[in-house]
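Protein chains in written order, with this note's numbering: chain A, 1 to 446; chain B, 1 to 164.
Rather than coming from a laboratory, the hints here were simulated on the basis of the structure.
Do not rely on the hints blindly, as some may be mistaken.
[What the hints assert, rightly or not] Derived CB-CB ranges, DEER-like:
1) A:241 / B:46: 46 to 56 Å
2) A:378 / B:85: 31 to 41 Å
3) B:44 / A:197: 44 to 54 Å
4) A:318 / B:148: 44 to 54 Å
[To be verified] Below 30 Å or equal to it, Euclidean Cα-Cα: the simulated DSSO-like pairs (lysine-lysine) are:
5) A:330 / A:363
6) B:86 / A:272
7) A:95 / A:56
8) B:86 / A:308
9) A:95 / B:86
10) B:50 / A:404
For glycine and all other residues, C-beta sits at the position ideal for the given N, C-alpha and C.
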Amino acid sequence: MLFRYLFILLILLPIKVFALIEVDITRGNLNPLPVAVSPLDIDKNSKDNFKRILKKENLGSEISAIVENNLKQSGLFNPLNKEAFLQEPDIANLKPRFEDWNLIKAQALVTGKVTFIDEKLRVEFRLWDVLAGKEMMALAFTTVPSNWRRVGHIITDKVYERLTGEKGYFDTRIIYISEEGPKTDRIKKLAIMDQDGFNNKFLTLGNELVLTPRFSPTNQMVTYLSYFRNLPRVYLLDIETGKQEVVGDFPGMTFAPRFSPDGKKIIMSFAKDGNSDIYTMDLENRIVERISNHPSIDTSPSYSPDGKYITFNSDRSGYQQIYVMNSNGKNIKRISFGNGLYGTPVWSPRGDLIAFTKLHKGKFYIGVMRTDGTGERLLTENFYQEAPSWSPNGRVLIFYRESKTNSKGEGFSAKLWSIDLTGYNEKMVETETDASDPSWSSLLSN
Amino acid sequence: MNLNKILKNTFIILVVSLVLTACATKKTSTSSSVSGQMQGDTYTGTDTVKELAKGVPDRVFFATNEIVLTTASRETLRKQAAWLRKNSDINVVVEGHADERGTREYNLALGERRANSAKDYLMTYGISSDRISVLSYGKERPVDSGSNPLSWSKNRRSVTVKAN
Numbered sequence: 001m002l003f004r005y006l007f008i009l010l011i012l013l014p015i016k017v018f019a020l021i022e023v024d025i026t027r028g029n030l031n032p033l034p035v036a037v038s039p040l041d042i043d044k045n046s047k048d049n050f051k052r053i054l055k056k057e058n059l060g061s062e063i064s065a066i067v068e069n070n071l072k073q074s075g076l077f078n079p080l081n082k083e084a085f086l087q088e089p090d091i092a093n094l095k096p097r098f099e100d101w102n103l104i105k106a107q108a109l110v111t112g113k114v115t116f117i118d119e120k121l122r123v124e125f126r127l128w129d130v131l132a133g134k135e136m137m138a139l140a141f142t143t144v145p146s147n148w149r150r151v152g153h154i155i156t157d158k159v160y161e162r163l164t165g166e167k168g169y170f171d172t173r174i175i176y177i178s179e180e181g182p183k184t185d186r187i188k189k190l191a192i193m194d195q196d197g198f199n200n201k202f203l204t205l206g207n208e209l210v211l212t213p214r215f216s217p218t219n220q221m222v223t224y225l226s227y228f229r230n231l232p233r234v235y236l237l238d239i240e241t242g243k244q245e246v247v248g249d250f251p252g253m254t255f256a257p258r259f260s261p262d263g264k265k266i267i268m269s270f271a272k273d274g275n276s277d278i279y280t281m282d283l284e285n286r287i288v289e290r291i292s293n294h295p296s297i298d299t300s301p302s303y304s305p306d307g308k309y310i311t312f313n314s315d316r317s318g319y320q321q322i323y324v325m326n327s328n329g330k331n332i333k334r335i336s337f338g339n340g341l342y343g344t345p346v347w348s349p350r351g352d353l354i355a356f357t358k359l360h361k362g363k364f365y366i367g368v369m370r371t372d373g374t375g376e377r378l379l380t381e382n383f384y385q386e387a388p389s390w391s392p393n394g395r396v397l398i399f400y401r402e403s404k405t406n407s408k409g410e411g412f413s414a415k416l417w418s419i420d421l422t423g424y425n426e427k428m429v430e431t432e433t434d435a436s437d438p439s440w441s442s443l444l445s446n
Numbered sequence: 001m002n003l004n005k006i007l008k009n010t011f012i013i014l015v016v017s018l019v020l021t022a023c024a025t026k027k028t029s030t031s032s033s034v035s036g037q038m039q040g041d042t043y044t045g046t047d048t049v050k051e052l053a054k055g056v057p058d059r060v061f062f063a064t065n066e067i068v069l070t071t072a073s074r075e076t077l078r079k080q081a082a083w084l085r086k087n088s089d090i091n092v093v094v095e096g097h098a099d100e101r102g103t104r105e106y107n108l109a110l111g112e113r114r115a116n117s118a119k120d121y122l123m124t125y126g127i128s129s130d131r132i133s134v135l136s137y138g139k140e141r142p143v144d145s146g147s148n149p150l151s152w153s154k155n156r157r158s159v160t161v162k163a164n
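Turn these sequences into a full structure, and let the hints guide you.
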């Protein structure tokens, strides 16, 4: 299924630029913007049809609930309680009575309409500035009914973008490792879900150990480590077709894979005779290139978004530190100099920061630093956490955290967490099972 | 097989071990190791140890972030080598493990180093590299699920298992 062709996007009205509401996302937002998400209007015929197809009582309310939840989770918005709304969805979508919305302190209002046309789902929505009494945006799109949750995410992305000036991250998915069983014998499966935890799917059965899945920038491919037949190797998986293949079939362990920003290469570690170095493989012609060559451990490579540089983890100084080099392996520079050990560097999609895991005095931190190593900022501290992955707009990090067991070795858990770059809005991401090694996809639409 | 290289490696391992043992001894006197089962932070107990064959322990333990073999580890590996020389039809896998106090990817590399550290030592006692494969599990297969220094010391190990 190709996502991008399913949406026919059309702009209802030209978007006029006013000096309207703006949300500043560069600082911690302690006063989230009060926003009213009116249930999307739906006529009786459409309602009945969607009820038949999707088993949803009122698709208009369901979609607005997705938008509401997304906005709330972002930490930047405070969706108001629907019970306080004074205006009916259908009239609000035509012409909101701004005084009424002002009365309940809403600063922005989202309205819309859902219709069933030619077996398809058509959604239009509008974003209003309540104080200025103006329409900020109006969009409509048509898709297959089964895409209804994505419609909610796309609306959120548009609202987020209009109000913050930056792309959203809601129409995205997370690939991760699902974990079950005792700590000494965990069953691990590859799993994928929407960014908000819905549509969870397992991609492997748990027969072999799998670790560290990472999305391709093109979204349909995933690279990960599998212990299939007890040979730890890097694999490539097409999540659309389910086709899998080994890409790191070297005479030793290959691990820590990631895609290059153009999706054409996989960069990974290859360990042989006690030494791990960094290699790339061109997926088209299968040409393998050695990038680093040092008797120390070199691992966790991650490209800069322009593909010119690679950040990686090495213990060549005696302890784990973060380094940056040119993509040809030249000009290696250490960038982490703070106290403690540093690992898992990941370049931000915006290019300006590197996220990392730090171990210092028995605590684990997720932090960020500039690409020259200056401006180190620790976002969160815990007993154990690691493996940050960036949201596609570079504003949020998702990572995993493991709990300390009790004196009997019981009570182990692994969960996904997310935190804003600002250090605010730290929260657990609900998953069906225990979870680790999250990787955030880029936006599915656009 | 490059005998020179092997001899050189052994020498380095021996020298480094001597230096480390010296440090470790000093540390123990101050930190009075957990219930006498650790020296420095290397596990010295027998709780989790199994036998590869009668009188031949299957595993050796490492200090945090280390791949250096202790005196006790070398003794265990010499026993394994002697047994492997006697049973020349048996091949082994040396599994390398790390504790949970490190990032997953670094630990995979560290486990591989530890397994190779044990493998290299077995080779210096005449076991052919063809008979020994290595497999790193990183921190994926702890034997002790505790979140404390003693549990972690049991998990920093390389285990020799029969492959056939």
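A quick look at each hint next to the structure:
1. A:241 / B:46: 46 to 56 Å: Since residue 241 (chain A) and residue 46 (chain B) have Cβ atoms about 51 Å apart, the given range 46 to 56 Å holds.
2. A:378 / B:85: 31 to 41 Å: 53 Å, violated
3. B:44 / A:197: 44 to 54 Å: 46 Å, holds
4. A:318 / B:148: 44 to 54 Å: 26 Å, violated
5. A:330 / A:363: Given pair residue 330 (chain A), residue 363 (chain A) is violated - Cα atoms ~33 Å apart, limit 30 Å.
6. B:86 / A:272: 28 Å, holds
7. A:95 / A:56: Given pair residue 95 (chain A), residue 56 (chain A) holds - Cα atoms ~27 Å apart, limit 30 Å.
8. B:86 / A:308: 55 Å, violated
9. A:95 / B:86: 90 Å, violated
10. B:50 / A:404: 27 Å, holds
In summary, the structure is inconsistent with hints 2, 4, 5, 8 and 9 from the numbered list given earlier, while agreeing with the others.
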